[in-house]
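S.K.: Numbering (numbering that gives the first Met the number 0), first residue to last: 0 to 263.
Check before you lean on any hint, since a few could be wrong.
Claimed, not checked - The calculated DSS-like cross-link candidates involving lysine-lysine, where the alpha carbons are at most 25 Å apart (straight line), are:
hint, residue 1, residue 2
1, Lys-21, Lys-81
2, Lys-83, Lys-37
3, Lys-58, Lys-10
None of these hints come from the bench; they were simulated from the model.
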Amino acid sequence: MASTKTSPAPKRLIAEAKRLLKAAAKHWPPKKADTYFKPWEQVYSIGVNTPRLREIERKLYQATKDTWTAAEAVEFAEGLFKEKYIEARSLGVMLLARFHRSFEPTLFARARGWLAGNRLNNWALTDLVATKILAPLVERHSDLAERLRPWAKSNSVWVRRAALATLVPFARKGQHLALAYGIAASVFEDEEELIHKATGWLLRECGKTNPRRLEAYLGAHGPRIPRITLRYAIERFPAAKRKEILEKTRGIGDDGIGRLAAVD
Numbered sequence: 000m001a002s003t004k005t006s007p008a009p010k011r012l013i014a015e016a017k018r019l020l021k022a023a024a025k026h027w028p029p030k031k032a033d034t035y036f037k038p039w040e041q042v043y044s045i046g047v048n049t050p051r052l053r054e055i056e057r058k059l060y061q062a063t064k065d066t067w068t069a070a071e072a073v074e075f076a077e078g079l080f081k082e083k084y085i086e087a088r089s090l091g092v093m094l095l096a097r098f099h100r101s102f103e104p105t106l107f108a109r110a111r112g113w114l115a116g117n118r119l120n121n122w123a124l125t126d127l128v129a130t131k132i133l134a135p136l137v138e139r140h141s142d143l144a145e146r147l148r149p150w151a152k153s154n155s156v157w158v159r160r161a162a163l164a165t166l167v168p169f170a171r172k173g174q175h176l177a178l179a180y181g182i183a184a185s186v187f188e189d190e191e192e193l194i195h196k197a198t199g200w201l202l203r204e205c206g207k208t209n210p211r212r213l214e215a216y217l218g219a220h221g222p223r224i225p226r227i228t229l230r231y232a233i234e235r236f237p238a239a240k241r242k243e244i245l246e247k248t249r250g251i252g253d254d255g256i257g258r259l260a261a262v263d
């Protein structure tokens with residue numbers, strides 16, 4: 000028997016999403032969010048916390064899960080990407096991610112366009128689309144992985160960061176490690192701190208399944224590695240090993256030694 004359930008059009012659901020977000024807002028209009036972000040990132044918020052945002056997303060997904068395809072979810076997401084405040088754009092990514100099993104390879108270039116066009120213009124949104132949209136795409140279509148390599152040299156800081164963040168879920172499982180290590184090495188001279196931090200994050204996850212390989216890699220690249228990248232990368236090593244690595248990479252005077260030792 001055919002389903003008679005009505006599918007809400009993306010435009011209609013965009014309007015409903017904005018209504019729900021505004022109703023949940025702690026303040027309106029959106030205010031600049033300085034905490035956790037660089038001043039130049041120009042992030043605006045309405046004060047909706049993550050648990051409430053997830054509640055809203057679940058409600059919207061219930062209305063679409065049986066009738067929408069990834070195409071409608073992309074239209075919904077792109078409609079919310081036009082909004083100034085981060086909660087709307089996050090919601091767009093979150094709902095789109097629900098349809099990851101039907102992602103087509105063409106979405107890869109489209110997502111790059113979102114990043115390069117500053118529609119996802121902060122590290123939080125970049126990491127969200129990288130891990131929830133791009134990583135599932137690579138999971139489904141493994142030939143896309145190598146297309147991340149040139150992203151690391153993009154003029155867009157968000158495209159560069161996405162090249163790194165997309166590989167994090169794979170690195171945790173010991174997958175695509177050669178690619179991850181290669182892309183990481185290609186951005187050691189990048190001048191942006193957001194790239195240094197993302198590189199360290201990726202390297203730390205690379206070491207999860209093979210810490211000896213990570214240690215050898217860090218030793219081989221030594222002084223080329225930004226200190227903040229190195230500090231992130233070695234967080235899971237014992238304190239004595241972290242100190243040893245910092246010394247071997249000419250970082251004995253680095254002010255991060257004490258903080259790293261305090262992690263254990």
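S.K.: Next, verify each hint and record whether it holds.
M.R.: Status of the hints after comparison with the structure:
no.	hint	in the structure
1	Lys-21 - Lys-81	holds, 15 Å
2	Lys-83 - Lys-37	holds, 17 Å
3	Lys-58 - Lys-10	holds, 16 Å
The structure agrees with every numbered hint stated previously.
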